[in-house]
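These are the residues of each chain, in order.
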Amino acid sequence: MNEAANTAAPETRIVYCRCAYARVVPREVKDAVLESLSASNLDFDAAPDLCEMSARKDERLREIAAQPSATIVACYPRAVRWLFSGAGFPLDPEKVRILNMREEPAEAIVREILPLAETQQ
Amino acid sequence: MKGGLDLPVLRVALYEGRGARALEPAQRFELLQALLDKGYRVTRVTNGSGAAHSSDGTALAALGRFEDAQPEQAQDGETQVFIRNIEGLSAEQAVGLVEGIRSEAGLREPGGWKPWFPVIDYDRCTNCMQCLSFCLFDVYGASKEGKIQVQNQDNCKTDCPACSRVCPEVAILFPKYRHGPIHGGEIQADDLRREAMKVDISALLGGDIYQALRDRSAKAKSRFSKERDEDRALKERMRCLAKLQDDLDIPAEVFASLPTLEEIQAKAKSAQEKSTAVNGSGAKL
Ligand code: SF4
Ligand code: SF4
Chain A
1 MNEAANTAAP
11 ETRIVYCRCA
21 YARVVPREVK
31 DAVLESLSAS
41 NLDFDAAPDL
51 CEMSARKDER
61 LREIAAQPSA
71 TIVACYPRAV
81 RWLFSGAGFP
91 LDPEKVRILN
101 MREEPAEAIV
111 REILPLAETQ
121 Q
Chain B
1 MKGGLDLPVL
11 RVALYEGRGA
21 RALEPAQRFE
31 LLQALLDKGY
41 RVTRVTNGSG
51 AAHSSDGTAL
61 AALGRFEDAQ
71 PEQAQDGETQ
81 VFIRNIEGLS
91 AEQAVGLVEG
101 IRSEAGLREP
111 GGWKPWFPVI
121 DYDRCTNCMQ
131 CLSFCLFDVY
141 GASKEGKIQV
151 QNQDNCKTDC
161 PACSRVCPEV
171 AILFPKYRHG
181 PIHGGEIQAD
191 DLRREAMKVD
201 ISALLGGDIY
211 QALRDRSAKA
221 KSRFSKERDE
231 DRALKERMRC
241 LAKLQDDLDI
251 PAEVFASLPT
261 LEEIQAKAKS
271 AQEKSTAVNG
281 SGAKL
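Taken in order, these protein sequences are the chains called A and B. 45 is the number that the working numbering gives to position 45 of the first sequence; each next residue is one higher, with no gaps. 267 is the number that the working numbering gives to position 267 of the second sequence; each next residue is one higher, with no gaps.
Among these hints, one or two may not hold up.
To be verified - Which residues of chain A face chain B? A partial, calculated answer using Cβ under 8 Å:
#1 Ala20
#2 Tyr21
#3 Val24
#4 Pro26
#5 Glu28
#6 Val29
#7 Ala39
#8 Ala46
#9 Ala79
#10 Ser85
#11 Gly86
#12 Glu107
#13 Val110
These aren't lab readings, by the way, just hints derived from the structure by calculation. In this text, all values refer to a predicted model and were calculated from it rather than measured experimentally. Positions of the beta carbon are idealized from the N, C-alpha and C atoms, including for glycine.
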């Protein structure tokens, strides 16, 4: 499920995509993931729609792409990767891992994210 | 861009760092859901890790259960910060505060456009320019170097994946499409086989179907058997097209405005000229 598995980083930037304008990400998955993120001690960015940010060439995408380590919780890694690229901010697969809420159950995604809580204490 | 997409947006920070009490878990989750579903970008800040601190010229609404009185407005570099205490407020009331800030500051109302547009997988794309030739809505363009690009995302017809069917390399994604591999899922051998048998939608339409439809009532009145045959042939063609429209999942209004063969040829010619003017070689058409 990861584009760059085992990306261990002391401070990874977490970005959650709500996919707010379409029903392609199952509601129960995106809610369960958000609830776990919200209940953790993690700092994170939550975007209503990364696709929209890509169309706007939003500078925040540049910032995410420039992070030494980032975890993006959205949809298919191929889609997310080329959305960033289309906005002019290509992702470095060595530094970014993408978790797919369209395919993976919420528990699997949460298992990937929550260990990061300890590194952000 | 349509929907004021290039206007500044209001971001929201849920501030739970020094000088503020943590939100109750249920309140935090409810507020996050409500803000995101309204189209606001939200950052949770507990330890000042910098998540909300980028001075990117946008406006920021900082919401928190602040222990001390805070100024209503502050400036952080180029970012205008609006500070609001949400102690004792419901999620709905807190969203109301954010909406108030947005409208007072004249910032873009989020939503209003379903972000539906093609995304190119450049690992697969061969720069053949067929998508650019096919799309009549100028969604595609070429870079200065003659490289295919998606340039006018908001010209794309919502829920229409037609150009992805035209791409011979399965290189066009629509991340919000229901099915793979167009939604960005991995490409399987079967997908490639299917794409190899791709139909040329526009050639099938042949550019004359709508004229023929316009003439149809006149023909229907005809007493000549030859014309009745033509009418039957037209009906059969319509039936095939309706099936094709279903198979390709193309909305009816988009299907009705697909380019004719002549239009495609004209666009292909101009794409080639553009590309030749830039790099002297010309796109493969
Ligand atoms: S990146 Fe994926 S999950 Fe996010 S808005 Fe686009 S399609 Fe939805
Ligand atoms: S049709 Fe496909 S391969 Fe050709 S330029 Fe467009 S995206 Fe690239």
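Evaluation of the provided hints:
1. Ala20: Where the cut-off is 8 Å and the nearest Cβ of chain B is about 6 Å from A/Ala20, the hint holds.
2. Tyr21: Holds, about 5 Å.
3. Val24: This interface hint holds because 5 Å falls under the 8 Å limit.
4. Pro26: violated (12 Å)
5. Glu28: violated (13 Å)
6. Val29: With Cβ-Cβ at 14 Å, over 8 Å, it is violated.
7. Ala39: holds (5 Å)
8. Ala46: holds (5 Å)
9. Ala79: holds (3 Å)
10. Ser85: With a minimum Cβ separation of about 7 Å from chain B (threshold 8 Å), the hint on A/Ser85 holds.
11. Gly86: Where the cut-off is 8 Å and the nearest Cβ of chain B is about 5 Å from A/Gly86, the hint holds.
12. Glu107: With a minimum Cβ separation of about 17 Å from chain B (threshold 8 Å), the hint on A/Glu107 is violated.
13. Val110: violated (14 Å)
In the structure shown, a violation is registered for the earlier hints numbered 4, 5, 6, 12, 13, in ascending order.
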